[in-house]
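*Asks:* Single-letter residue listing:
Number of protein chains: 4
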Amino acid sequence: MNELGPIPTPEAPAPNILRCAYMEIVVSDLAASRAFYVDTLGLVVTKETDDALYLRTFDEFIHHNLVLREGPVPAIAAFAYRVRSPEDVDKAEAYYRELGCKTLRKAEGFVDGIGDAVRVEDPLGFPYEFFYECDHVERMCWDYDKQGPGALVRLDHFNQVFPDVVNGSKYLEDLGFRRTEDIKDDEDVTYAAWFARKHTVHDTALTGGDGPRMHHIAFATHEKHNILYICDKLGALRQSDAIERGPGRHGVSNAFYLYLRDPDGHRVEIYTQDYYTGDPDNPTITWDVHDNQRRDWWGHLVVPSWYRDASLVLDLEGNPQPLVARHEPKELDVTIGADGFSYTRKGDTDKGFKVGMQL
Amino acid sequence: MNELGPIPTPEAPAPNILRCAYMEIVVSDLAASRAFYVDTLGLVVTKETDDALYLRTFDEFIHHNLVLREGPVPAIAAFAYRVRSPEDVDKAEAYYRELGCKTLRKAEGFVDGIGDAVRVEDPLGFPYEFFYECDHVERMCWDYDKQGPGALVRLDHFNQVFPDVVNGSKYLEDLGFRRTEDIKDDEDVTYAAWFARKHTVHDTALTGGDGPRMHHIAFATHEKHNILYICDKLGALRQSDAIERGPGRHGVSNAFYLYLRDPDGHRVEIYTQDYYTGDPDNPTITWDVHDNQRRDWWGHLVVPSWYRDASLVLDLEGNPQPLVARHEPKELDVTIGADGFSYTRKGDTDKGFKVGMQL
Amino acid sequence: MNELGPIPTPEAPAPNILRCAYMEIVVSDLAASRAFYVDTLGLVVTKETDDALYLRTFDEFIHHNLVLREGPVPAIAAFAYRVRSPEDVDKAEAYYRELGCKTLRKAEGFVDGIGDAVRVEDPLGFPYEFFYECDHVERMCWDYDKQGPGALVRLDHFNQVFPDVVNGSKYLEDLGFRRTEDIKDDEDVTYAAWFARKHTVHDTALTGGDGPRMHHIAFATHEKHNILYICDKLGALRQSDAIERGPGRHGVSNAFYLYLRDPDGHRVEIYTQDYYTGDPDNPTITWDVHDNQRRDWWGHLVVPSWYRDASLVLDLEGNPQPLVARHEPKELDVTIGADGFSYTRKGDTDKGFKVGMQL
Amino acid sequence: MNELGPIPTPEAPAPNILRCAYMEIVVSDLAASRAFYVDTLGLVVTKETDDALYLRTFDEFIHHNLVLREGPVPAIAAFAYRVRSPEDVDKAEAYYRELGCKTLRKAEGFVDGIGDAVRVEDPLGFPYEFFYECDHVERMCWDYDKQGPGALVRLDHFNQVFPDVVNGSKYLEDLGFRRTEDIKDDEDVTYAAWFARKHTVHDTALTGGDGPRMHHIAFATHEKHNILYICDKLGALRQSDAIERGPGRHGVSNAFYLYLRDPDGHRVEIYTQDYYTGDPDNPTITWDVHDNQRRDWWGHLVVPSWYRDASLVLDLEGNPQPLVARHEPKELDVTIGADGFSYTRKGDTDKGFKVGMQL
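Residue numbers (UniProt numbering), protein chains in the order written: chain L, 1 to 359; chain A, 1 to 359; chain W, 1 to 359; chain Y, 1 to 359.
Simulated from the structure, these hints should not be mistaken for lab results. Careful: at least some of the hints might be erroneous.
Since the list gives no way to pick out one identical chain from another, each pair is judged satisfied if it fits inside one copy or across any two copies.
[Said to hold, decoys possible] 30 Å max Cα-Cα, derived DSSO-like pairs, lysine-lysine:
no.	residue 1	residue 2
1	K146	K47
2	K184	K146
3	K170	K146
4	K346	K102
5	K146	K346
6	K106	K330
7	K91	K346
All values reported here derive from a predicted model rather than from experimental measurement.
Bound conformation, chain L alone:
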């Protein structure tokens, strides 16, 4: 069943997207969020105002990778992509206008440090921004004296929840994203798909579910021990309940991962070591939804909240977008609990010892 229907391919050329660049997140208590993102996770503060915090990773040279703004409803205000040139902002505006989407252009930018930009309510209901102009700041790659043991060095990707992964994927591919991996079943239901512009496994992904919602934002570390340290530190701070899932090895992407929840419940992934995907014929990898190593290579169960919870997204007026329910089977339902089944070795009925098999 098709919740959305195919989104037409515009005749206007798509903007040339470089990469996911920053997310603007509304938080309910800026001080609490600052404690999480700055004191605990160690993101670099580029700028701080009464109601907003501009943060970046250590390898970044543009103004920020994350804007936290205090507001009444915790939600996502923008998924911002950087494009290759100023003209690509024009192209983005024209592209979405042809799609019939609401667009808003601001020559001075929507947030500090960013110049001419367009924000749109995309056909899936997500607030996307496209910009080229931005302030350059110091790239702190070499500032090891300031990098803690869990240093976040890059913004890696966004992840979006949407009910209709098939039609959502077509829209992203029209926009120039390469599909790198996906999760399906034998009846051709698509549960999730991953999409890249830069040379990693993704700049964004679609996770099937009631949406539009933001599933997570992911930051990269250099090595796996950096991620383990973040867990150790959360334990030392008696905040281990901020750990939702992991650390572990993904099947999809082959990356090492950890999922945290910030003080408003926004999900943050810490991620390292996927693979190069920059060739146009990069092979797309399809995983079986019943393969229990697809989301955790070590076969650990995905915690139900990871499937259920996600953040609201805002329209261009700042109001939360209403949710559309997913009508196709949900990954949670088909893989966890009495009706779900999954396997380590296809055809093998052994269950193993892990929590999900025992509780």
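We have chain L already, so just place chains A, W and Y on it with the hints.
*Replies:* Below, chains A, W and Y without anything else, positioned relative to chain L:
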């Protein structure tokens, strides 16, 4: 309630125990066990016969740390400790005789590579061996060409399941073990305790439960990434269901851990980086059984099978010891499920996102 | 002084280069090279013939990243780049013809696994190849059971020795490469420069010196401990004399590095963890040639052979290209020995304790 | 030739030494030393007075592992060992009195945090201290929020320079140390030897040279990347000239190492991952002085200052001990430069590419 009653302290001097040295395990299918311990975990083969396999770790210079012997009932035939001198074997024999335990002395040793040794059925029902004489073999510390990415470099410790931790602990302390850590509740029930002879957190531990049984044998790696690799390899071999629990950081011991189950269900821990405990006044650390960071510093639930399952142990005739039930509260019952409660921050009722909170 | 003179910018469009893809190296003893690249370094064998070996890294999906061919003169037969489309091979051919370079087109490819390709003697004298068509092979990212502790996961870059870095750089920038970093002095002499197509710090680099020669080919590991292991393994094999320089941290690129020499003296770098450079306005970083942390962030001396030695390159007939001497100052001369000087803190005359300061 | 002559074995029993416990070092500028040991290396401050700083490692539970005291002559005031009981302090006093050594007993201890102790001028001229009583402080194993990426977790060992390694070794073995490794030549000259009380490769070592002097004090990290980080941080602080040698892998001890020089030139090693040595028949490993992998497994040259420089030691009145020259061949002379020779493969004359072979 006291299942056992205090074990008297012998007048005879205790043998001077150096360290846990090897375990003899009966397995049902030697080829399957060889595939697990040699092909997957990479232990070094010292000697191989039709029905037995003698394995060691890379840093070891004595003949073996593990004997696998094929037999009808998967169970533990011996927990073997090395003592400081040949005379300490005599002392061990006298010590257990005074305790009224069955003892068996073999000048030629019970297994290949080990000389004069005494085996006893100790007061808790475990088959303990004490030996000094043994063949020296090549210490392969420097053989990096032969060490895989998950190289096991030392036998670290044993862990025993026994119903009465309090009286079992007194017996081990009389035998010269230092108690390094334990888990209790506010009503002075002891759920588990850790005991060291060498300078690490333990050579053995008592885990409260129906016993005598063998909870696990633990091997050490140099670094955490070695342990992560073992998980990655099990995933690649489609054997991720051999992973029972972890990897994670222990609260107790501060070590990084992983629990596997071998083809017979015998539990193997892979372990790294606890702390020095060699001083006589080394502080004993007591954890609250309701502190959910005690067994996993990151607050992940302990899987029920980890509490429930353990290996039978054999008497000196090779018959399984009957089990005595634990009458005191069990850690599984007081911490998991409807009746259990645990906390991240004492007094705080937040539950967090993890699997055990949601399933 | 200008050894080469500016190379004109063709009117024909440059081919759209994706990335450095493979190198073809002539070796004097294929069995010895196999022992080094396969047995010691663990590259994956895609194909093996009587006189050639086709090797790839674990994350690669194209046929190979390295061709070793037995021949009389150890030298480099091709630096091969993959382009975005079949038409880009045509563009490359036209581009170099306009430059007056010798070109050779083979629809069936020059080596196994590669289709339609053009080889050129570029204006600097290097044998460059451009191809799009190639066989896909299994991407072995997830094959952890086959990956050793020093697993090489990607071809990272080439490095070329050439006397005139300024004019050589202009040629590469015309070809579409982004300059990411360089080394200069106060009098505007350029000693080296780094150039990227994919999103890393480089696909190739120019190192000032008598050329054209091949300085090194670099493969990436996931983490630093993988590189340390390669050293440990070479020690275990009593081949530590294959280590020329490092391991260490580069200033330039911020990567962790190790330089080895293969049985013919061809230099191989093992490399990990530089930074994202995919934005068009990615800041170029210029290092002072006298800053002793530029090539080793820890201030260790660069070994003279690293500056002096490099591999010959072949013309399209398979004959070694004659060398042109560098007339500008050489980095070796200005930084090592009696006439060189370098600093840790600009203006500070302290010398430190390291080998180069004492021998 | 024998500089010292054999030191008689006392009839009095040797004290039961647990481990090296702390060193007292005189520094010329306490603020500069604080910047190095606290701000850069991250040692934990237990106590701070106007002229002294008491520092410990993260896993330690006794008051300190290092006392820095400001004074006119940078030198070592005490090598302090912890003994098993208060009575062992009496034994130590009697033992050294029988040897005819100066001894000084202070019931209140020589430094803060330490109780009843005896200091002696030992037969080699070193200021040794023995104590049991000391204040317990918080063991900060679990305080990951306070541990930086280069966290020092244990005091590992001392290293002493002395001309007569053979007779010095006999004295240490009489005192109860186990010899674990040594370096010799074919003519039975001993260049260095390692001695353990705790279960690691050493608590102290003798390095042949003009002495008595202090060669280095070594602290342990958990993993190799912690050591690499310390180098990266020194680079970021533009203090890379504090790095004297390494990082690298030792042949002797199999540990990963780094040597730094503090603001007074006192040498500090950062060390990780040697092997268990606690058995009485632990095999002693002898290395050939000409094996160039003995001190660096990767074959890198030992920098001459590492052989030449060392810190003065003080007598019990606080005056520097005069130096006795080594008359036997020196390791520096026989291995570096025109007269020295060393090999990677015994009998092979290849020289390799490294700095020491080229400068």
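*Asks:* It remains to establish, for every hint, whether it holds in the given structure.
*Replies:* These are the hints, each one checked on the structure:
Taking identical chains as interchangeable, the C-alpha atoms of K146 and K47 lie at most 30 Å apart whether they share a chain (17 Å) or sit on different chains (26 Å). Taking the shortest alpha-carbon separations for K184 and K146, only the inter-copy value of 27 Å comes in at or below 30 Å, while the best intra-copy value is 43 Å. Taking the shortest alpha-carbon separations for K170 and K146, neither the intra-copy value of 43 Å nor the inter-copy value of 36 Å comes in at or below 30 Å. In this homomeric assembly, K346 and K102 never come within 30 Å of each other (Cα to Cα): the closest approach is 47 Å inside a single copy and 50 Å across copies.
In this assembly of identical chains, the alpha carbons of K146 and K346 lie at most 30 Å apart only when taken from different copies (21 Å versus 48 Å within one copy). Taking identical chains as interchangeable, the C-alpha atoms of K106 and K330 are never at most 30 Å apart, the minima being 39 Å within one chain and 51 Å between chains. Within a single copy, K91 and K346 get their C-alpha atoms no closer than 47 Å, and across copies no closer than 47 Å, so neither meets the 30 Å cut-off.
In summary, the structure is inconsistent with hints 3, 4, 6, 7 from the numbered list given earlier, while agreeing with the others.
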